[in-house]
Amino acid sequence: MAGRTIVVTSGKGGVGKTTTVANLGTTLAKKKNSVVLIDTDIGLRNLDVVMGLENRIVYNLVDIIEGKCRKEQAMIRDRKLSNLCMIPAAQTREKNSITEEQMKELCSNLAEEFDYVIIDCPAGIEQGFKNAIAGADTALVVTTPEVSAIRDADRVIGLLEAALVRNINLIINRLNARMVKKGDMMSTEDIIALLSVPLLGVVPESEDVVVSTNRGVPLVHDRSSKAGAAFRGMAGRLDGESIPLDGDAGGLLGRMKRLIWN
Amino acid sequence: MLGILRRIWGDGASGQVARKRMQFVLMHDRIDITPDVMEAVKNDIIKVLSRYMEIEGGSVKVDLEQGKDFMALISNVQVKRVYRNAASG
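Line by line, the protein sequences give chains W and H. In terms of my numbering, the first sequence opens at residue 1 and continues consecutively. In terms of my numbering, the second sequence opens at residue 1 and continues consecutively.
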């Protein structure tokens, strides 16, 4: 059976696409799935540094597509998980070095070997975006609770629908619960009502994210991080587990509360 | 402090302000109707209605409003008088 091809996109830059790809990919691999991550941000690659694999790049995505190497040669294996690997973007090329057709073919080839193919989409809605979504059967749209990110997410959702991407799910990143409580930030409910897309999960704003990218070790390895727990919850739901949406940030205490209340 | 004062003056918490602004912005982004087209819609409504009644042209407003699951075009037209036998004309 062919694996799933998932694109992580947002429209706006800097909302957490790459962090999401790294953490969902790592969690899915920890759950014994075979996972390949593809950085399609040609010219501005970053998934390699977030994953801590920047020193091991030899070949890249454009090399595979131009036939300069076999795709196995460009795949970099994760330091901790042998069933997780990454294809880096080319750093000195341009977005139009590859076409939508080529991406579609690569994704379907990879989906035959891997359980999950996760594509890190560049910001914007130009050729790089079109390439990234071309081979995807599912899209995860990342937004933050800010007007500019939400507006761009809405635009991207429209484009995904027009491109006939069947499953579109929303990830709200960097939610500050204290500000929502004060009324100074749009709530999860507000954002879902505006975008009308099913929610995969909410990641609380957290300093842990900066620390984890500094080190190049995905957050989900840290059992104590609430943001990490949110990513683990989302990966579980993607993988077909029934994890309640509000339980992600709770940790052990939250789980016990649920046991008592439900 | 500034925030508290603003709330006392009825400006609303900024989260709600953002939500309302986004409802408006997204609606316009989605329908992709330019102000020119809205103006043309308004003029056509005036033209059609004028066959049947005398209306206050300057008072006509055409707006798109977002409901929970629908979008509505709402127009308020001030009618001065309805022509007799207008339908046959």
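It should be emphasised that the hints constitute simulated quantities derived from the structure, not laboratory data. Keep in mind the model is a prediction, meaning the values are calculated, not measured. Heads up, a few of these hints could be off.
Claimed, not checked - Restraint ranges, calculated between C-beta atoms of paired labels, are given here:
hint, chain 1, residue 1, chain 2, residue 2, range
1, W, L164, H, L64, 52 to 62 Å
2, W, K182, H, I74, 27 to 37 Å
3, H, E56, W, S148, 33 to 43 Å
Said to hold, decoys possible - Restricting the straight-line Cα-Cα distance to at most 25 Å, the calculated cross-link-like pairs of lysine to any residue (SDA-like) are:
hint, chain 1, residue 1, chain 2, residue 2
4, W, K12, H, V77
5, W, K130, H, D29
6, H, K47, H, V25
7, H, K61, H, V77
Ideal Cβ placement from N, Cα and C applies to all residues, glycine included.
Against the structure, the hints:
1. W:L164 with H:L64: 52 to 62 Å: Between W:L164 and H:L64, where Cβ atoms are some 27 Å apart, the hint is violated.
2. W:K182 with H:I74: 27 to 37 Å: Given range 27 to 37 Å: holds, Cβ gap about 34 Å.
3. H:E56 with W:S148: 33 to 43 Å: At 40 Å between Cβs, range holds.
4. W:K12 with H:V77: The hint is violated at about 41 Å.
5. W:K130 with H:D29: holds (20 Å)
6. H:K47 with H:V25: Violated. H:K47 to H:V25 sits at ~29 Å, over the 25 Å cutoff.
7. H:K61 with H:V77: holds (7 Å)
Comparing the model with each numbered hint stated earlier shows that hints 1, 4 and 6 do not hold.
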